[in-house]
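*Asks:* Construct all of the structure, not just a fragment, from the sequences and the given hints.
Number of protein chains: 4
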Amino acid sequence: MTVKIGLIGLGMIGRDHLKRFNDIITGAKVTAVCDINHAAADAIASEYNATAFYDAEAMINSDQVDAVFICSIGPAHKAQILAAFNAGKPVFCEKPLTPTADESREIIDAEVKAGKRLLQLGFMRRFDPGYQALKQVIDSGELGDIMLIHCAHRNPSVPESYTLEMAINDSATHEIDIVRYLLNENIISVRVDKPRKKTRRALPHLQDPLIVIFETESGVRVDDELFVNCHYGYDIRCEVIGENAIAALNEQQLIATRSLKGHAQHIAQSCMERFTTAYDREVQHFIDNIHSGKEMSGPSSWDGYVVALVCDAGLASLKDGEKHDVLIPQRPAVYR
Amino acid sequence: MTVKIGLIGLGMIGRDHLKRFNDIITGAKVTAVCDINHAAADAIASEYNATAFYDAEAMINSDQVDAVFICSIGPAHKAQILAAFNAGKPVFCEKPLTPTADESREIIDAEVKAGKRLLQLGFMRRFDPGYQALKQVIDSGELGDIMLIHCAHRNPSVPESYTLEMAINDSATHEIDIVRYLLNENIISVRVDKPRKKTRRALPHLQDPLIVIFETESGVRVDDELFVNCHYGYDIRCEVIGENAIAALNEQQLIATRSLKGHAQHIAQSCMERFTTAYDREVQHFIDNIHSGKEMSGPSSWDGYVVALVCDAGLASLKDGEKHDVLIPQRPAVYR
Amino acid sequence: MTVKIGLIGLGMIGRDHLKRFNDIITGAKVTAVCDINHAAADAIASEYNATAFYDAEAMINSDQVDAVFICSIGPAHKAQILAAFNAGKPVFCEKPLTPTADESREIIDAEVKAGKRLLQLGFMRRFDPGYQALKQVIDSGELGDIMLIHCAHRNPSVPESYTLEMAINDSATHEIDIVRYLLNENIISVRVDKPRKKTRRALPHLQDPLIVIFETESGVRVDDELFVNCHYGYDIRCEVIGENAIAALNEQQLIATRSLKGHAQHIAQSCMERFTTAYDREVQHFIDNIHSGKEMSGPSSWDGYVVALVCDAGLASLKDGEKHDVLIPQRPAVYR
Amino acid sequence: MTVKIGLIGLGMIGRDHLKRFNDIITGAKVTAVCDINHAAADAIASEYNATAFYDAEAMINSDQVDAVFICSIGPAHKAQILAAFNAGKPVFCEKPLTPTADESREIIDAEVKAGKRLLQLGFMRRFDPGYQALKQVIDSGELGDIMLIHCAHRNPSVPESYTLEMAINDSATHEIDIVRYLLNENIISVRVDKPRKKTRRALPHLQDPLIVIFETESGVRVDDELFVNCHYGYDIRCEVIGENAIAALNEQQLIATRSLKGHAQHIAQSCMERFTTAYDREVQHFIDNIHSGKEMSGPSSWDGYVVALVCDAGLASLKDGEKHDVLIPQRPAVYR
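Chains as they are written, first to last, in the working numbering: chain A, 2 to 337; chain B, 2 to 337; chain C, 2 to 337; chain D, 2 to 337.
Simulated from the structure, these hints should not be mistaken for lab results. All C-beta atoms, glycine included, are put in the ideal place defined by N, C-alpha and C. Incorrect hints may appear among the rest.
Unchecked claim - Which residues of chain C face chain B? A partial, calculated answer using Cβ under 8 Å: (1) Pro130; (2) Ala134; (3) Lys136; (4) Gln137; (5) Tyr233; (6) Asp236; (7) Arg259; (8) Ser260; (9) Leu261; (10) His264; (11) His267.
Said to hold, decoys possible - Listed below are the simulated BS3-like cross-link pairs for lysine-lysine, each with C-alpha atoms no more than 25 Å apart in a straight line: (12) Lys199/A to Lys136/C; (13) Lys79/C to Lys295/C; (14) Lys199/B to Lys262/C; (15) Lys30/B to Lys5/A; (16) Lys114/D to Lys79/D.
*Replies:* Pasting the structure below:
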């Protein structure tokens, strides 16, 4: 059986996933694509031998589609997700789940009502071999109790459309999710530090770099350097400090060169390059789950909701520089 | 469609592949297992819900089997491969293709007669992300013309059954194949150096370590340290020296720790651990090729035959310490 | 000419310097040692063929002594330094200059009155090849403007005598000084963050780890992880983030091993081991300055005074968790 | 006391040492310089406030000189060394001791007759912190018995004056000496392998790279890649393989950068840069020995003689490609 995928949203990440389905993923085929830009939908449908849709709901309900793959902009997510739930079709949704925590809550409610998970969220880092190795060494107990985590999230540059808030909403979300994954616990407070010294490479409306400090339930202190115009690469760092020992993401390359550059290892230049294996694996995981008939697994709507709650606190702190608490409701049983 | 796999030979590597089909591989299922040890065949067939066979030919010709996966001992390979060819079923065969080059030649002749490739050989290193990155940087021209390659092939230890000749036939085969892959050219001579100093960890019938020196068609000099009782790990090294720069396999871990051991990265302890991704990928490649209806690709019978010719020269040099030339016939068109 | 050294204080660091004078330093000899513990003074004087003193002032004024080397406890420093100034003898003083900034001010005043520097302070990190390489790359402009510095100061453990305040007064002092050295600017505020999660290896009166956040005049944000019971080693980290690139202290070993520990580099186990070259160099620098007849150079009383001012703010923040400003007077011309 | 140095030979290495005496070395001063090029001698004497000599013997016998520092060309060494011995002045001599083993023998005989060592030879690598750390881990027994050593000796390029033989006589000499130092045993045979593939960066009269294979008394096999037009840096590698574990020279930098070059560590670009600490230390060692009134220590005439014997065998192998044995006479007692 080949899972027939309907893919919504033909922007950068949408096209990247389309290529992935074509080249890498086994057991699935994109049979329908949807974009409000008719020309884009037509062109890509033709290129990939799929049917073009301009209306998401029509595509979702089409019998050409077994599963829905959402790469549209955040504000469109909620309606598309709920439509897919209604159509009884499994959903993969790129992050963020929804722009606000309140909207995410509606999706949670729908899954709770269904009594099972219906969606996999695109927090791809959980499928990254580096982070998985980090989690493995934490879980092994080799490090002892964890006390501190130092993170850095560096982009070579960001487009003009990148707003001040996106440092929290778009960039820090990944660390928020991955810290919860690594430690199996929630974040309970956020504080944003704005260093006075800013890079002149950033557009004037930005504050770059930023330091965000999280505290988890058990008291672990996490600092996250968000530096989205770092110039030199897409560079994700994570160092976990335990009572016995420390573990950290290392360089992510398997070869090194000796040249006029010195003894060097390449640093990724984009999210797509750094997390290519993670993207491949998260999508294959979604497809394999469908094949096996199992309930959705991996990052959930609940993860998306909780991350949105933490972001809300972060945005408040971005304004006033104070520490803001995060109140997280009881986790429903379907997300055990 | 799920490809029905008949797997022959339930030794260590056979069982490893069986687990792999069960846990990792998509699009295939082991439906039949075969071993001359009836008890082993029965027990494993029962565990994996497959049919037990004790006779390879019977299993190969059974309609429970779409494709044949050969993990038996080397001397059994030729007959099983030819039987599968006759049955029109695609073959995956663990290396060596056959114990001698002459036997391999018969398989070549059968594929030439068929006018297409029918077999994928288990030189898994070609699917290793590290070696692939090394090949990519060589092919990019960044290193300039290649002049030297330094390899090391280190095992923590070997069983009592490991013979002196296996350093060539079993261990060096991997470097022989991968050098051909990296450089796109053949090896034309072999010399084996036997250092006077041997590890006391090796059994008395062995000469460990050994240094094997290959020369390729274009004149590249390759040295390969074979050290199969190195005690500390399964450690595969490869450094490629070009006119402009050097590239080398780096540590293969994505995390590092700071502990009482110092700043450390784990070294794999077995072939299975070091090349787990490569094994997964080579098998998935085989299955994907079947699904797509394409001709077999990846390492071929021809590769197995040529490696066997190089090994013959290596074994001669192991005896007399002299340089031995390798005569490689014209490559048939099916292996272009 | 051999400089005759009178060394005061025969504790751990005093004995370490004594051994250094004996084994490494050229152009100087310890001719007199002084300790209020008569037995210790006698024993060591006998071992090193020096004269024993029990009274610092007597030794300072003895004509057996050309220069004074102070390794006594902090509260004793001021009187000994001023006595040496009066005797017209150059002084090397271990840090801290004095326990409080006010006392340090008296020493500053004495040097200002003398119109020249008379003392070298024991901030040995400025002589460390690693930090010097870091300063060189910062000064080269290769990193661009600096915006952030991430430090870690980790000890395997601390003795029972180590107090909560010493995390600031004793440990963080080194980062306070070195940040000023690296950036050529002062620190203007301090905030101490106390993570809720503490290591169980620390004695109950400690808060370990701590995070101290400094801001410099130009707005650089520096965070310093102080973790003095980290168990695994004496590990000093420093990462400097600029607009163009990042530079960091690397592992400080020149060899690496492959063993059952993996691919590993040793981490120092003590301050003495980590900074052995720095200690050797700072002392040789002091002696060479005397030989050359030049004014004292290297870390000064002023550096000691300013670090004491920053520590005062840090201690205040350790109590209330708030950010505290540091007011630094105009630097006198002798410390240009 | 300041040792008055008479330095002979104002070429590249001579001037480098002159600068070293001026900037780094304590306890010595170059009071006389000698070169057959009168203009060079006059200019440099004037610059460094020393007396110019054009005749080595005159300078050696001048009472302006306490110790003789020989940086002249190899063929001049023997006469200058013997003159200094006659004058009763300690000698530092740059390598090679003499161009041929026979000439070296005369120097040995003179020292044997004197009943003590009178000379320190310029094998500076023995003073390199990296090699010293390597020796320390070998001597600790941590690696177990040593069986193999892999070396590489890479220069970015060589001048037109560099001959084919200098790969042995000038470059390999360093590995010959350091292997003896690391293992405390002699080399008993040499074989030179000439790879067919050569770098096009080398001048036509060279064979670059070359592989030289040494065997030591106990049977350790050492291979040395000599690649003197490697383009990218002055890069010295050494990996020591023991029964239990492996140790190797690591990158020799204490900082690393993250930039558009990737994660990189600088590689030295010249011998002077790579071994600057070693040069400083070997010269200070020579001066300190004079100050202490001790017999000369460090690399000896005997080391120079034995290395010359190994080179003779290497040059023979360079011609015929065969393995050549090295016959080493009994070591006289003065070189115990």
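*Asks:* Check each numbered hint from earlier against the structure, then list the numbers of those it violates in ascending order.
*Replies:* Structure breaks hints 1, 2, 3, 4.
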